[in-house]
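Enquirer: All chains should be built: construct the whole structure from the sequences, respecting the hints.
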Amino acid sequence: MSPIRFGPAGRELFGLFQLPNAAEALGQSVVICNPFGQEYVRSHRLIKVIADRLARTGFHVLRFDFFGTGDSAGDDGDGDLIQWESDIQSAHSEVLKLSGNASTSWLGFRLGASIAASASLRVKAPLRRLVLWDPVADGGSYLRELEASHVAGVEFLAHWSQIRFEQTAAASMHHEILGFALTGELRRQISEISPGTLTSARAQQIEAFCDANTEHFRQLEKIFAASASASASVSTSPLRLMPIETKIMWATNEAMNSAIVPSEALGGILAALIGAS
Amino acid sequence: MIEQSFAFGQNESLIGTVCLPQHRKGNGAKIGVLLFNAGVVHRIGPHRINVRVARQLAESGIPSIRFDLAGQGDSARSHGNLGFEEQAVKDIQAAMDQLGKVANVSRFALFGFCSGGVHSFATAKIDERVAGLLMYDTYIYPTLKSKVNRYLIKIRSRGLVSSALGWTQKRLLASLNALRGGHPSVSKVATMSQAGAFVQQGKHEFAETLLRLHHSGMRIGVVYSGGFEQYNYRNQFADAFKKHGLTEFVTSEYLPEMDHSVTLVARQILFAETIREWCVDLNQALVRAGISELPLRTASSEPPLANRH
Numbered sequence: 001m002s003p004i005r006f007g008p009a010g011r012e013l014f015g016l017f018q019l020p021n022a023a024e025a026l027g028q029s030v031v032i033c034n035p036f037g038q039e040y041v042r043s044h045r046l047i048k049v050i051a052d053r054l055a056r057t058g059f060h061v062l063r064f065d066f067f068g069t070g071d072s073a074g075d076d077g078d079g080d081l082i083q084w085e086s087d088i089q090s091a092h093s094e095v096l097k098l099s100g101n102a103s104t105s106w107l108g109f110r111l112g113a114s115i116a117a118s119a120s121l122r123v124k125a126p127l128r129r130l131v132l133w134d135p136v137a138d139g140g141s142y143l144r145e146l147e148a149s150h151v152a153g154v155e156f157l158a159h160w161s162q163i164r165f166e167q168t169a170a171a172s173m174h175h176e177i178l179g180f181a182l183t184g185e186l187r188r189q190i191s192e193i194s195p196g197t198l199t200s201a202r203a204q205q206i207e208a209f210c211d212a213n214t215e216h217f218r219q220l221e222k223i224f225a226a227s228a229s230a231s232a233s234v235s236t237s238p239l240r241l242m243p244i245e246t247k248i249m250w251a252t253n254e255a256m257n258s259a260i261v262p263s264e265a266l267g268g269i270l271a272a273l274i275g276a277s
Numbered sequence: 001m002i003e004q005s006f007a008f009g010q011n012e013s014l015i016g017t018v019c020l021p022q023h024r025k026g027n028g029a030k031i032g033v034l035l036f037n038a039g040v041v042h043r044i045g046p047h048r049i050n051v052r053v054a055r056q057l058a059e060s061g062i063p064s065i066r067f068d069l070a071g072q073g074d075s076a077r078s079h080g081n082l083g084f085e086e087q088a089v090k091d092i093q094a095a096m097d098q099l100g101k102v103a104n105v106s107r108f109a110l111f112g113f114c115s116g117g118v119h120s121f122a123t124a125k126i127d128e129r130v131a132g133l134l135m136y137d138t139y140i141y142p143t144l145k146s147k148v149n150r151y152l153i154k155i156r157s158r159g160l161v162s163s164a165l166g167w168t169q170k171r172l173l174a175s176l177n178a179l180r181g182g183h184p185s186v187s188k189v190a191t192m193s194q195a196g197a198f199v200q201q202g203k204h205e206f207a208e209t210l211l212r213l214h215h216s217g218m219r220i221g222v223v224y225s226g227g228f229e230q231y232n233y234r235n236q237f238a239d240a241f242k243k244h245g246l247t248e249f250v251t252s253e254y255l256p257e258m259d260h261s262v263t264l265v266a267r268q269i270l271f272a273e274t275i276r277e278w279c280v281d282l283n284q285a286l287v288r289a290g291i292s293e294l295p296l297r298t299a300s301s302e303p304p305l306a307n308r309h
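Protein chains in written order, with this note's numbering: chain A, 1 to 277; chain B, 1 to 309.
These aren't lab readings, by the way, just hints derived from the structure by calculation.
Positions of the beta carbon are idealized from the N, C-alpha and C atoms, including for glycine.
Hints may be right or wrong, so weigh each one.
Said to hold, decoys possible - To be clear about the criterion: a stretch of chain B counts as covered by chain A if any three or more of its residues have a C-beta under 8 Å from a C-beta of chain A, and this derived list gives those stretches:
#	segment
1	4 to 15
2	34 to 44
3	73 to 79
What the hints assert, rightly or not - Sample of chain B residues facing chain A (criterion: CB under 10 Å; computed from the structure):
#	residue
4	Arg48
5	Val51
6	Arg52
Expert: This is how it looks when you write it as structure tokens:
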């Protein structure tokens, strides 16, 4: 595994590039797009495990931190969805350069999945596969979800410890979510995410994974069904919704000392990326 | 500020990012600061606090490395031939080697966040390159006042009846345990934060070690958040160690408005500034010493604490 720093001047990104198991090299690459804020902290171990397994399976893998997140340059308040799409493009170019492969797939988590869906329109050659784990299909709902996590997290802290916050959880959620800045501009950009962000994505195959027992799954089902019926035929639609039986609390402060690695969902996602390669 | 990421250590199995001041030479930096995992959170720290701290240190001319211990974050698992604590110490030493090489420093300050304080403490005991040890929410020692306060906090947040019932239940269980031959209470020893309560450090042994480290030339600091009921007033550390002669040289900071994992952004700013100030003070003290190549800490000639009282 090689840590790298890449991207244009003034927008340096941190990445981890993994070579495939030489004996199994597939001549294909995967770029991994992280979720936002506390959701990324929570799922870091999961993302590492997926990257390791993909490399063992034969993929070149690049996972990276968006500008203003993780180990990349930029401050917490620099989040910008349009710029984050450019970051995915930079990562895409980087993995093509480092691997020499022509075929690349992207795997995105939550908000990272929706950014990837939107950015997929920017690459010249269509992606081989676009795999989306619990993608955000409705920015407004997602923001409400984040806000609820923030309020629950801060109220938990206030109840559990001796701290008296000068600002209510509901007031602080307007500019941050569980300790990660959410500027007015980023909030506006997220609120504009719609089902079209996912259905207009471009790849030879697009698969979304979501817990089958949630309202979110039912929403995605409707969105994907409508998209399939609008295309020439259901069989030619590249969109697939894959039910999983794993409910993940993506954004929570209380569980900071627990790593999430749901094996059943992991298996499905690896199978989607490996496909009939 | 310049950031460079590395794979380092044995077999290049550890992952870290060095953060250097913009002007690398002649900035007067005598120390490099080590930042690493808090619990299982990867090297960026809870709410990316290590990145914020690293960049503020760089603004003050002090280089740092933020890295993952073996088996945590992005670092590879260890081979398993060392115990948990031994491995952590070895990784911290490898990070000192790496930062020393990149930033051209030979002395280091270890900042330990929660369980990271345990690893920092263990490393400071054996590595002479450590010039400063700063532990956050690590070892907590109660006093009579903190115990009273703790009940008041419980009563305030949970109500008198609920707190009384909880206390009665706890006493009954302790008595039952004592009847079975177990230890009736653990209140006489340090309770580490719930986030990583795997080591209990006897108070006397802890004081004796800090005293020895101080006499060897190390600067020591402790910082506590308001996140734990067990630590609940400004001078608790000083009161707890009044009789051990630690209060004159161990700096203690209490940030009651801050939760343990430094959640809200306003708290992160306060926290980062607290850590930066402590490191800057240490660096300036070493600069004032006027020694271009600082000697390593010396073995203490002071008698052990047990013989002083």
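Enquirer: Work down the list of hints and note, for each, if the structure agrees.
Expert: To see whether the hints hold, each was checked on the structure:
Restraint check on the segment 4 to 15 of chain B versus chain A: 5 residues with Cβ-Cβ distances below 8 Å, three needed, restraint holds. Requiring three or more residues with a Cβ within less than 8 Å of a Cβ of chain A, the coverage given for the segment 34 to 44 of chain B holds, as 6 such residues are present. Evaluation of the coverage hint for the segment 73 to 79 of chain B: fulfilled, as 3 residues show C-beta separations to chain A shorter than 8 Å, against a requirement of three. At its closest, the beta carbon of arginine 48 of chain B sits 6 Å from a beta carbon of chain A; the interface hint therefore holds under the 10 Å criterion.
Given hint, valine 51 of chain B at the interface with chain A, holds; its Cβ is 7 Å from that chain's nearest Cβ, closer than 10 Å. Annotation: interface hint on arginine 52 of chain B holds; nearest CB of chain A at approximately 8 Å, less than 10 Å.
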